[in-house]
Amino acid sequence: MAEIVFYFFAVAAVLGGVMCVLQRSPVASAMWLMSTMFSLAAIFVLLNAQLIGILQILVYVGAILVIFLFVVMLLNLGTAAKDLRGPSSIAAAVAISGLLVIELIALWRYTPARLAAEIAQAPEAARVMFPGGALAEQAAATQGVVGAVAGPMFQQYLVPFEITSILLLAALVGAVVLAKRRI
Amino acid sequence: MPEAPFLGPSLALSAILFTIGVAGVLLRRNAIVLFMCIELMLNAVNLAFIAFGQLHGVSGQIMVFFVMTVAAAEAAVGLAIILAIFRHRQTVDLQNINLLRG
Numbered sequence: 001m002a003e004i005v006f007y008f009f010a011v012a013a014v015l016g017g018v019m020c021v022l023q024r025s026p027v028a029s030a031m032w033l034m035s036t037m038f039s040l041a042a043i044f045v046l047l048n049a050q051l052i053g054i055l056q057i058l059v060y061v062g063a064i065l066v067i068f069l070f071v072v073m074l075l076n077l078g079t080a081a082k083d084l085r086g087p088s089s090i091a092a093a094v095a096i097s098g099l100l101v102i103e104l105i106a107l108w109r110y111t112p113a114r115l116a117a118e119i120a121q122a123p124e125a126a127r128v129m130f131p132g133g134a135l136a137e138q139a140a141a142t143q144g145v146v147g148a149v150a151g152p153m154f155q156q157y158l159v160p161f162e163i164t165s166i167l168l169l170a171a172l173v174g175a176v177v178l179a180k181r182r183i
Numbered sequence: 184m185p186e187a188p189f190l191g192p193s194l195a196l197s198a199i200l201f202t203i204g205v206a207g208v209l210l211r212r213n214a215i216v217l218f219m220c221i222e223l224m225l226n227a228v229n230l231a232f233i234a235f236g237q238l239h240g241v242s243g244q245i246m247v248f249f250v251m252t253v254a255a256a257e258a259a260v261g262l263a264i265i266l267a268i269f270r271h272r273q274t275v276d277l278q279n280i281n282l283l284r285g
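Line by line, the protein sequences give chains A and B.
Just so we're aligned, residue 1 is where the first sequence starts under my numbering, counting upward by one.
Just so we're aligned, residue 184 is where the second sequence starts under my numbering, counting upward by one.
Chain B with its partners taken away, still in its complex shape (with noise of 0.2 Å):
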C-alpha cells in the first residue's frame, strides 16, 4: 500500500481554499478581485491533484502544470477585458456593468 502522509488534510485544505474563493467571486464586486478569487481557486484544485498524485504517481503534477498553463492564458486575457472596459466605463465595479441584465 503506498503511503501518502497527507492525503486526507491536504484535501481538507484543498476544499477549504476553493470554498473562500467561491465565497469571494460571490461577494466581491471589484473585478480584479474577482480574478484573484479564481486563481484561488485553481490553485486549491492543483492542491488536490497534488495529493492524489502522491498515491498515483506524477501524473498529476503534470495536470497541475497544464494549470499553470490555463491560468497565465487566462490571467492575460481577463486582465486585458478588464482593462478595455475600463478605458470604456471608467469603473471595474461589476454592479455598474451591467449591459447584459434583463
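Only chain A is shown next, with the shape it has when bound in the complex (with noise of 0.2 Å):
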C-alpha cells in the first residue's frame, strides 16, 4: 500500500516539475510546481518527516509561491511568443541534464547498510558536526512528532537557528530596500 502512494506521489511530483518547465505561461508554471511541492509534503509524511510535510505547504507554497504570483500580477506578463532558448542552447541542457541524471540516479545503488558502514568510519568531526539522534521514527514515538525536531534544533543547532534570524532580517530590510522606488 505504501509503495503505490509512493510512486504516485513521485509521478506526480516529476510531472508537476516537467510541466513547470515546459508551461510558456509563468502562472501555469506556479501551479505545476505547486502540485510537486504538494506531492514532496505527501512523501515527507511517508518518510517520517511528518513535520516538515506541514511545513512545507506552510512555506514553500502559502509563501514562496504566494510571493512569485504576486510578482507575476504586479509585472502582468502574460504569455511569451518564444521562452525557449535557442537550439544550441537547448542541446547544451539536454547535454548537461542527462550527464548529471546518470550521475545521480547512481545514488540509488546506496543501501543502509553501506551508509552505517560509512558513518561508522566516519572521522571524529564528522560525527561531531552531525550528532546522530535517534532515528526519525522512534524519536518521533517517543517524543511526538514536533518534539523530535524541536529537541536537537534548540540543543545542538541554537546556534544556527539563531543565525537564520538574523538572515531573514537581512533578507527582510534587503528586499524592502530593492524594492521601494525611493528610500
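Source of the hints: derived by calculation from the structure; they are not laboratory data.
In this text the structure is predicted, and so the values were computed from the model without any measurement.
Don't take each hint at face value.
Claimed, not checked - Not close to chain A: a few residues of chain B, all C-beta gaps over 12 Å, as computed:
| id | residue |
| --- | --- |
| 1 | Leu282 |
| 2 | Leu283 |
| 3 | Arg284 |
Said to hold, decoys possible - Covered stretches of chain A (chain B as the covering partner; in silico rule of three or more C-beta atoms under 8 Å from a C-beta of chain B):
| id | region |
| --- | --- |
| 4 | 8 to 16 |
| 5 | 35 to 46 |
| 6 | 51 to 58 |
| 7 | 91 to 105 |
| 8 | 162 to 176 |
C-beta: ideal position from N, C-alpha, C; glycine also.
Hints in hand, dock the two standalone chains.
Below, the structure is given as C-alpha cells:
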C-alpha cells in the first residue's frame, strides 16, 4: 500500500516539475510547481517527516509560491511568444542534464548497510558536526512529531537557528530596499 | 540495522527532480520561471536530506528547516531584484538583460 502511494506521488512530482519547465505562462508554471510541492509534502510524511511535510505546504506553497504569483501579477507578463532558448542552448541543456541525471541516479545503489558502515568509519569531526540523534521514526514515537525535531534544534543547532533569524532580517530589509522606488 | 523503506527510490526521485530544475534553469528565458526552477532544485535536495534522515535521525529534518529558511529569504530578495530590473528595463527576459555580456 505504501509503495503505491509513494510511486503515485513520485510520478505526480516529476510530472509537475516537467510541466513547470515546459509551460509558457509563468502562472501555469507556478501552479504545476505547487502540485510538485504538494506531492513532495506527501512523500515527506511517508518518510516519517510529518512536521516537515506540513512546513513544506505552509512555507513553500503558502508563502514562497504566493510571492511568485504576486510578482507575476505585478509585472503583468502574460504568455511570452518564445520563452525557450535557442537550439544550441537546448542541446547543451539536454546534454548537461543527461550527464547529471546519470551521475545522480547512481545514488539508487546506496543501501542502508553501506551508509551505516560509512558512518561507523567517519572521522570524529564529522560525527560532531552531524550528531546522530535517535532515528526519525523512533524519536517521533518517544518525543512526539514536533518534539523530536524541536529537541535537537534548540540544543545542538541553537546557534545556526539564531543565525537564521539574522538572515531573515537581512533578507527583509534587503527586499524592501530593492523593491522600493525611493528610500 | 535501521529500516529505511524508500531510501533508494527517494534518492532517485530527488535526482530526477534536481535534474529537471537544472534543465529548467538552462532552458527558460523568463527570470521568474528560472527562480521557480531553483526552488525545485532546493526541494529535491530537501527530499534527499529527509531520505537520509530516516537512517541518521532528525538532523536531516533540521537541515531541511534551514534550507527552507534560506529559500524563503532567497525568493524574497531575488524577486525584489527582478522587480527592480523590470522597472528599469521593462522586461524579465534574460536574453535582453545583457549589460555584463562581453
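Hint by hint, here is what the structure shows:
no. : hint       : verdict
1   : Leu282     : holds (17 Å)
2   : Leu283     : holds (18 Å)
3   : Arg284     : holds (14 Å)
4   : 8 to 16    : holds (count 3)
5   : 35 to 46   : holds (count 6)
6   : 51 to 58   : holds (count 4)
7   : 91 to 105  : holds (count 9)
8   : 162 to 176 : holds (count 9)
Every hint from the earlier list agrees with this structure, and none is contradicted.
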